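Use the sequences and the hints to build the structure in full.
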Amino acid sequence: MATRVSEHEVQQAIGGLLRLGVIVAAAVTALGGAVLLIQHGGDPVAHRTFRGEPPALESIVSIVRGALTFNGEAIAQLGLLLLIATPVARVAFTLVAFALQRDRKYVVITSIVLSLLVYALAFGKA
Amino acid sequence: MNLASLALLVGVGSFAAGLLGSLTGLGGGIIVVPMLTLLFHIDMRYAIGASLIAVIATSSGAAAAYVREGYTNVRIAILLEIATTIGALIGAMLSVHTTQAKLSILFGVVLIATALRSLRPRAEHAILTTPDRWAAFFQLDSSYPTPSGPQHYSARRIPGGFALMLVGGVLSALLGIGAGIIKVLAMDQVMSLPFKVSTTTSNFMIGVTAAVSAAVYLHQGQIDPAISFPVMLGAGGGALLGARILTRADVRWLRPLFTVIVFVAAVEMLYKGFTGTI
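Chains as they are written, first to last, in my numbering: chain A, 1 to 126; chain B, 1001 to 1278.
These are calculated hints, taken from the structure and not from any lab test. Misleading hints may appear alongside valid ones.
List time: in silico SDA-like cross-link candidates among lysine to any residue, alpha-carbon distance up to 20 angstroms [stated by the list, open to error]:
{"no.": "1", "chain 1": "A", "residue 1": "K105", "chain 2": "B", "residue 2": "S1154"}
{"no.": "2", "chain 1": "B", "residue 1": "K1196", "chain 2": "A", "residue 2": "V5"}
{"no.": "3", "chain 1": "A", "residue 1": "K105", "chain 2": "A", "residue 2": "L116"}
{"no.": "4", "chain 1": "B", "residue 1": "K1196", "chain 2": "A", "residue 2": "Q11"}
{"no.": "5", "chain 1": "A", "residue 1": "K105", "chain 2": "B", "residue 2": "L1270"}
{"no.": "6", "chain 1": "A", "residue 1": "K105", "chain 2": "B", "residue 2": "D1132"}
{"no.": "7", "chain 1": "B", "residue 1": "K1102", "chain 2": "A", "residue 2": "F50"}
{"no.": "8", "chain 1": "B", "residue 1": "K1196", "chain 2": "A", "residue 2": "L116"}
{"no.": "9", "chain 1": "B", "residue 1": "K1102", "chain 2": "B", "residue 2": "L1254"}
{"no.": "10", "chain 1": "B", "residue 1": "K1196", "chain 2": "B", "residue 2": "Y1153"}
{"no.": "11", "chain 1": "A", "residue 1": "K105", "chain 2": "B", "residue 2": "W1134"}
{"no.": "12", "chain 1": "B", "residue 1": "K1196", "chain 2": "B", "residue 2": "T1277"}
{"no.": "13", "chain 1": "A", "residue 1": "K105", "chain 2": "B", "residue 2": "I1082"}
{"no.": "14", "chain 1": "B", "residue 1": "K1196", "chain 2": "B", "residue 2": "G1025"}
{"no.": "15", "chain 1": "B", "residue 1": "K1102", "chain 2": "A", "residue 2": "V5"}
{"no.": "16", "chain 1": "B", "residue 1": "K1102", "chain 2": "B", "residue 2": "Y1271"}
{"no.": "17", "chain 1": "A", "residue 1": "K105", "chain 2": "B", "residue 2": "K1102"}
{"no.": "18", "chain 1": "A", "residue 1": "K105", "chain 2": "A", "residue 2": "V24"}
{"no.": "19", "chain 1": "A", "residue 1": "K105", "chain 2": "B", "residue 2": "I1181"}
{"no.": "20", "chain 1": "A", "residue 1": "K105", "chain 2": "B", "residue 2": "P1159"}
{"no.": "21", "chain 1": "A", "residue 1": "K105", "chain 2": "B", "residue 2": "D1141"}
{"no.": "22", "chain 1": "A", "residue 1": "K105", "chain 2": "B", "residue 2": "K1196"}
{"no.": "23", "chain 1": "B", "residue 1": "K1196", "chain 2": "B", "residue 2": "Y1066"}
{"no.": "24", "chain 1": "B", "residue 1": "K1196", "chain 2": "A", "residue 2": "T49"}
{"no.": "25", "chain 1": "A", "residue 1": "K105", "chain 2": "B", "residue 2": "F1138"}
{"no.": "26", "chain 1": "A", "residue 1": "K105", "chain 2": "B", "residue 2": "E1069"}
{"no.": "27", "chain 1": "A", "residue 1": "K105", "chain 2": "B", "residue 2": "R1156"}
{"no.": "28", "chain 1": "B", "residue 1": "K1196", "chain 2": "B", "residue 2": "I1181"}
{"no.": "29", "chain 1": "A", "residue 1": "K105", "chain 2": "B", "residue 2": "Y1271"}
{"no.": "30", "chain 1": "B", "residue 1": "K1196", "chain 2": "B", "residue 2": "E1124"}
{"no.": "31", "chain 1": "B", "residue 1": "K1196", "chain 2": "A", "residue 2": "H8"}
Only some residues are given here: those of chain B computed to face chain A with a beta carbon under 8 angstroms [to be verified]:
{"no.": "32", "residue": "R1045"}
{"no.": "33", "residue": "I1053"}
{"no.": "34", "residue": "V1067"}
{"no.": "35", "residue": "R1068"}
{"no.": "36", "residue": "I1105"}
{"no.": "37", "residue": "L1106"}
{"no.": "38", "residue": "V1109"}
{"no.": "39", "residue": "I1112"}
{"no.": "40", "residue": "T1146"}
Predicted, not measured: the structure shown is a model, and the values here were computed from it. No residue lacks a Cβ here, since even glycine has one placed at the ideal position from N, Cα and C.
Here you go:
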């Protein structure tokens, strides 16, 4: 197969991307968790019944907005969002790699998976 | 109990789950939901959301290492991810209409299947070297490293594997688990892939599958940061430590212990499901 990017190089890059994503997400989540406990550590627990999260913790835009105001819950939620986005970034990267390898069949296959992921992330309606 | 002590206890419990899951190869996600619901009395919907976070954290770390070592078949992963992501969307849709009691019963059944599967010794099958029509069309042939050099392998019965992956996606979303046993079953038993390729490719796919349903649950308000942050950091840290220990120590004795824990959790989930006390 005449390829510009070798399979080995793609594997190394995907591995590195996954590791980076998890490290960044863990760091942001840890920071958010610490701030959350400083702000609300003494609050009583109420997770026995499901009430759903406030809208501010449900959409990507409002999570980022909340994190910028240094709200602990929003920062932790941003970390969790980054973790969820890591596999999505992996698929997007794989798409680029297949495109560089001129592998049309797998460009189509990867695009289908990426569309499903982006759909879930952006709209969240199953 | 206040939020700080809950976070601490959930973090310690998740660390143990991640460590045991990584050392036994069964994954930590399978006992995060029983731990959160049975020990901490957290609503199942929050527990499933937090567990999916644990699943992504623990699988991505291991996946990063395996893909670099050349075990993971990226083509097979992406092809079958069409099935698991569609399955995950279906599962997330079904979860809205499923009661906690029914989820608890289904969870108990999956836990028992996991416990039984882990007790059965694995039968090694011969490595397939000639692809069938579908495997050739999708260029699924590859090779993986062995002590005696690269070993070439092929795949077969792709539609069967694909169908089983749909089921795996549905269960992953409904229960907040990685559903690794179903993924490995599809690749190892149905598609005749080498076991090492099956387990590492399954691990690689788990993050993408879980990301779909986690994203849907985030929008549905099922990802609670106060519960999910200690679960993610604990389970992720436990899995990381487990991977380090695994290369140096013989931990086969842990498997029966973990199987007993899974079995006890199964009985408890079934009981609570049937009596409607979850």
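The hints, checked one at a time:
1. Pair hint A:K105 plus B:S1154 holds up; C-alpha atoms about 18 angstroms apart against a cutoff of 20 angstroms.
2. A distance of roughly 25 angstroms separates the Cα atoms of B:K1196 and A:V5; the hinted pair therefore is violated under the 20 angstroms criterion.
3. Using a Cα cut-off of 20 angstroms, the hinted pair A:K105 and A:L116 holds, with the two alpha carbons roughly 17 angstroms apart.
4. Taken as a hint, the B:K1196 and A:Q11 pair is honoured in the structure, with Cα atoms around 17 angstroms apart against an allowance of 20 angstroms.
5. A threshold of 20 angstroms between alpha carbons decides the hint, and for A:K105 with B:L1270 the separation of about 45 angstroms lies outside it, so the pair is violated.
6. Proposed proximity of A:K105 and B:D1132 is supported: the alpha carbons are some 18 angstroms apart, at most 20 angstroms.
7. At most 20 angstroms may separate the alpha-carbon atoms for a hinted pair to count; B:K1102 and A:F50 meet this at roughly 16 angstroms.
8. Simply put, B:K1196 and A:L116 have alpha-carbon atoms about 28 angstroms apart, too far for the 20 angstroms limit, and the pair is violated.
9. Our distance criterion of 20 angstroms between C-alpha atoms is broken by B:K1102 and B:L1254, whose separation comes to about 31 angstroms.
10. Taken as a hint, the B:K1196 and B:Y1153 pair is honoured in the structure, with Cα atoms around 12 angstroms apart against an allowance of 20 angstroms.
11. Proposed proximity of A:K105 and B:W1134 is supported: the alpha carbons are some 13 angstroms apart, at most 20 angstroms.
12. Using a Cα cut-off of 20 angstroms, the hinted pair B:K1196 and B:T1277 is violated, with the two alpha carbons roughly 41 angstroms apart.
13. For the hint linking A:K105 to B:I1082, the alpha-carbon distance of about 14 angstroms falls within 20 angstroms, and the restraint holds.
14. Simply put, B:K1196 and B:G1025 have alpha-carbon atoms about 12 angstroms apart, close enough for the 20 angstroms limit, and the pair holds.
15. Straight-line distance between C-alpha atoms of B:K1102 and A:V5 comes to about 49 angstroms, which puts the hinted pair past the 20 angstroms bound.
16. Only pairs whose Cα atoms come within 20 angstroms are accepted, and B:K1102 paired with B:Y1271 is accepted, the gap being roughly 11 angstroms.
17. With a C-alpha separation of about 41 angstroms, the suggested pair A:K105 and B:K1102 falls outside the 20 angstroms cut-off, and the hint is violated.
18. At most 20 angstroms may separate the alpha-carbon atoms for a hinted pair to count; A:K105 and A:V24 exceed this at roughly 33 angstroms.
19. A threshold of 20 angstroms between alpha carbons decides the hint, and for A:K105 with B:I1181 the separation of about 29 angstroms lies outside it, so the pair is violated.
20. Simply put, A:K105 and B:P1159 have alpha-carbon atoms about 17 angstroms apart, close enough for the 20 angstroms limit, and the pair holds.
21. As the CA atoms of A:K105 and B:D1141 are separated by approximately 15 angstroms, the hinted pair is consistent with the 20 angstroms bound.
22. With a C-alpha separation of about 26 angstroms, the suggested pair A:K105 and B:K1196 falls outside the 20 angstroms cut-off, and the hint is violated.
23. Restraint check for B:K1196 and B:Y1066: satisfied, since their Cα atoms lie roughly 10 angstroms apart, inside the 20 angstroms limit.
24. Annotation: proposed proximity of B:K1196 to A:T49 is violated, straight-line Cα distance about 42 angstroms (limit 20 angstroms).
25. The hinted pair formed by A:K105 and B:F1138 meets the criterion: a straight-line CA distance of about 8 angstroms does not exceed 20 angstroms.
26. Using a Cα cut-off of 20 angstroms, the hinted pair A:K105 and B:E1069 is violated, with the two alpha carbons roughly 25 angstroms apart.
27. Restraint check: the Cα-Cα separation between A:K105 and B:R1156 comes to about 19 angstroms, which is no more than 20 angstroms; the hinted pair holds.
28. For a cut-off of 20 angstroms, the pair hint linking B:K1196 to B:I1181 stands: about 13 angstroms separates their Cα positions.
29. Taking the CA atoms of A:K105 and B:Y1271, the gap is about 48 angstroms. The hint is violated against a cut of 20 angstroms.
30. With a C-alpha separation of about 11 angstroms, the suggested pair B:K1196 and B:E1124 falls inside the 20 angstroms cut-off, and the hint holds.
31. The straight-line distance between the Cα atoms of B:K1196 and A:H8 is roughly 18 angstroms, inside the 20 angstroms bound, and the hint therefore holds.
32. With its C-beta approaching chain A no nearer than about 5 angstroms, B:R1045 sits inside the 8 angstroms limit, and its interface hint holds.
33. At its closest, the beta carbon of B:I1053 sits 6 angstroms from a beta carbon of chain A; the interface hint therefore holds under the 8 angstroms criterion.
34. At about 5 angstroms, the closest approach between the beta carbon of B:V1067 and any beta carbon in chain A falls short of 8 angstroms, and the interface hint on this residue holds.
35. The interface hint given for B:R1068 holds, since its Cβ lies 4 angstroms from the closest Cβ of chain A, which is under the 8 angstroms cut-off.
36. Because the beta carbon of B:I1105 sits about 18 angstroms from the nearest beta carbon in chain A, more than 8 angstroms, this interface hint is broken.
37. Checking B:L1106 against chain A by beta carbon gives a least distance of about 18 angstroms; that is not within 8 angstroms, so the hint is violated.
38. A least Cβ separation of about 23 angstroms between B:V1109 and chain A goes past the 8 angstroms threshold, and the interface hint is therefore violated.
39. For the restraint placing B:I1112 at the interface with chain A, the shortest Cβ-Cβ distance is roughly 26 angstroms, beyond the 8 angstroms limit, so the hint is violated.
40. This hint is violated: B:T1146 has a C-beta 17 angstroms from the nearest C-beta of chain A, more than the 8 angstroms allowed.
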